[in-house]
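Listed here are the chains, written in short residue letters.
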Amino acid sequence: MRRLGKSTLEFDRPPSVLSHGAVGGKKEAEGPLGSQFDQTFGDTTLQKDSWEKAEAQLQREAVSIALNKAGLKPEEVDFILAGDLLNQCISSTFGLMDFQIPFLGQYGACSTMAQTLLMASILVESGAAGKALAVTSSHFCSAERQFRLPLEYGGQRSPTAQWTATAAGCVLVGVGGRIKVRKGLAGRVQDLGVTDPANMGAAMAPGAAHSIFQFLEDTHTRPEDYDGIFTGDLGLVGSRLLYQCLDANGVDLRPVHQDCGLLLYHRERQDVHGGGSGCGCSAGVLCGHLLRRMEKGELKNILFCATGALMSPTSQQQGLAIPGICHVVQLTAK
Amino acid sequence: MKLFSKEEYKRRVELASPPTTVGKNCLLAFLSGGTICTLGQVLCNLYQRLGLELPQARAGVSISLIFLSALLTALGLYDKLAKHAGAGTLVPITGFANSMVSPALEFKSEGFVTGLGAKLFTVAGPVLVYGVTASVVYGLILFGLSLL
Chain A
1 MRRLGKSTLE FDRPPSVLSH GAVGGKKEAE GPLGSQFDQT FGDTTLQKDS
51 WEKAEAQLQR EAVSIALNKA GLKPEEVDFI LAGDLLNQCI SSTFGLMDFQ
101 IPFLGQYGAC STMAQTLLMA SILVESGAAG KALAVTSSHF CSAERQFRLP
151 LEYGGQRSPT AQWTATAAGC VLVGVGGRIK VRKGLAGRVQ DLGVTDPANM
201 GAAMAPGAAH SIFQFLEDTH TRPEDYDGIF TGDLGLVGSR LLYQCLDANG
251 VDLRPVHQDC GLLLYHRERQ DVHGGGSGCG CSAGVLCGHL LRRMEKGELK
301 NILFCATGAL MSPTSQQQGL AIPGICHVVQ LTAK
Chain B
1 MKLFSKEEYK RRVELASPPT TVGKNCLLAF LSGGTICTLG QVLCNLYQRL
51 GLELPQARAG VSISLIFLSA LLTALGLYDK LAKHAGAGTL VPITGFANSM
101 VSPALEFKSE GFVTGLGAKL FTVAGPVLVY GVTASVVYGL ILFGLSLL
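Residue numbers (my numbering), protein chains in the order written: chain A, 1 to 334; chain B, 1 to 148.
No lab work stands behind these hints: they were computed from the structure.
All of these numbers come straight from a predicted model, not from anything done at the bench.
Note that CB positions come from ideal geometry on N, CA and C, so glycine has one too.
Don't take each hint at face value.
Claimed, not checked - Computed beta-carbon distance windows for the label pairs:
(1) B:76 <-> A:10: 19 to 27 Å
(2) B:80 <-> A:266: 17 to 25 Å
(3) A:35 <-> B:7: 42 to 50 Å
(4) B:19 <-> A:225: 19 to 27 Å
(5) A:30 <-> B:75: 20 to 28 Å
(6) A:13 <-> B:108: 50 to 58 Å
(7) A:30 <-> B:140: 50 to 58 Å
Generate the whole structure from the sequences, applying the supplied hints.
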């Protein structure tokens with residue numbers, strides 16, 4: 001692999017997607033992409049006695065599906081890179097420990113799918129791994145109780161608030177698949193002073209703009225060169241602000257841009273206000289929808305740009321602004 | 001690349017964000033809050049007719065509304081109601097009951113001591129702390145004035 005421009009990595013022997021798995025909850029099943037998940041659960045407790053255990057089970061299911069599709073046993077995989085939103089990434093550790101695959105925990109908030117996919121690709125290209133799994137999840141109920149208020153608390157959501165997806169996605173990276181990971185870029189943390197946790201799209205948009213602009217500059221490409229540029233979970237407000245940030249730099253993203261947070265739900269009918277969010281949002285859309293479309297030949301060259309809001313309940317309470325990040329992965333299909 | 005200044009971005013965030021429907025929220029809060037208060041008055045009259053003195057009847061109203069609120073919270077209906085009612089269900093005593101019962105339900109998975117016991121006041125705690133403090137200050141001022 002080699003470096004292009006300031007921040008982009010180009011793979012000389014591009015790693016590829018060998019298989020993928022996506023699981024979702026009830027609301028995701030009722031959304032426009034419901035039928036594209038490998039499995040959905042009408043009971044979002046997944047018959048577990050806590051939301052955290054339910055989320056861990058989502059990751060377990062996603063990995064099992066990806067392994068089954070590839071016809072592999074866990075011991076044939078060299079690394080698993082996983083993360084989630086919960087403190088100390090417990091969904092990942094508790095969900096995945098039974099596979100006994102060498103585990104590297106990752107935290108990128110909602111950008112985790114792109115982060116783990118990029119890291120897995122680097123491990124495969126470098127020869128450190130023959131096969132590596134990139135996994136992430138989120139669960140509406142476990143995220144609400146950690147970051148916001150109890151589920152049964154009678155409050156009103158702001159019109160800009162986003163809905164944390166109950167979903168998990170898993171990509172198995174190796175060599176020899178049809179969908180290749182061509183390039184990648186690890187984002188820089190950006191903070192333009194947004195403090196409102198009910199407007200995370202606004203907090204993440206500058207990070208997304210910065211990473212996408214840098215990637216286009218490093219690779220000497222324009223938005224029209226791609227079949228689609230998919231951001232993670234900017235939602236309605238964040239997407240508007242992303243366009244404005246890029247417009248100011250002479251880049252018009254509108255013709256090719258879509259946001260996973262706006263693809264996952266019927267925004268108004270399902271009452272998700274600003275759109276979807278959470279690690280599972282971009283992971284579910286990538287593994288359930290985008291990779292399927294690439295396999296069918298509907299998309300040939302895309303940028304997957306998962307976005308993350310890197311705050312914690314403590315930083316929020318101390319009044320710090322919400323830093324945003326975005327990692328970019330270029331995927332191509334023959 | 002050039003990003004906006006924080007001031008410029010703040011302005012753009014405000015413009016890009018859909019506004020809160022203040023008028024509709026106020027109307028719904030007025031109607032739902034008014035309904036709860038009317039229910040309280042109906043209960044108060046009923047308890048008096050059943051033979052309670054006014055102070056006891058008022059206590060009975062509080063107990064009844066708190067019970068109803070707790071029951072609806074436990075049945076998972078209160079948050080659905082409050083989504084539309086907003087301040088209408090938050091401001092009366094029903095909101096206080098919901099703010100105690102919802103963390104109790106939520107955090108029982110962390111045990112009765114470290115979960116339910118410790119987290120019971122996460123929402124209502126600040127209201128109690130500053131409510132009691134304010135009433136003490138008010139009492140002292142009133143006492144001071146009575147000495148003049």
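Task: Index of numbered hints that the structure contradicts, given in increasing order - done: 1 and 4
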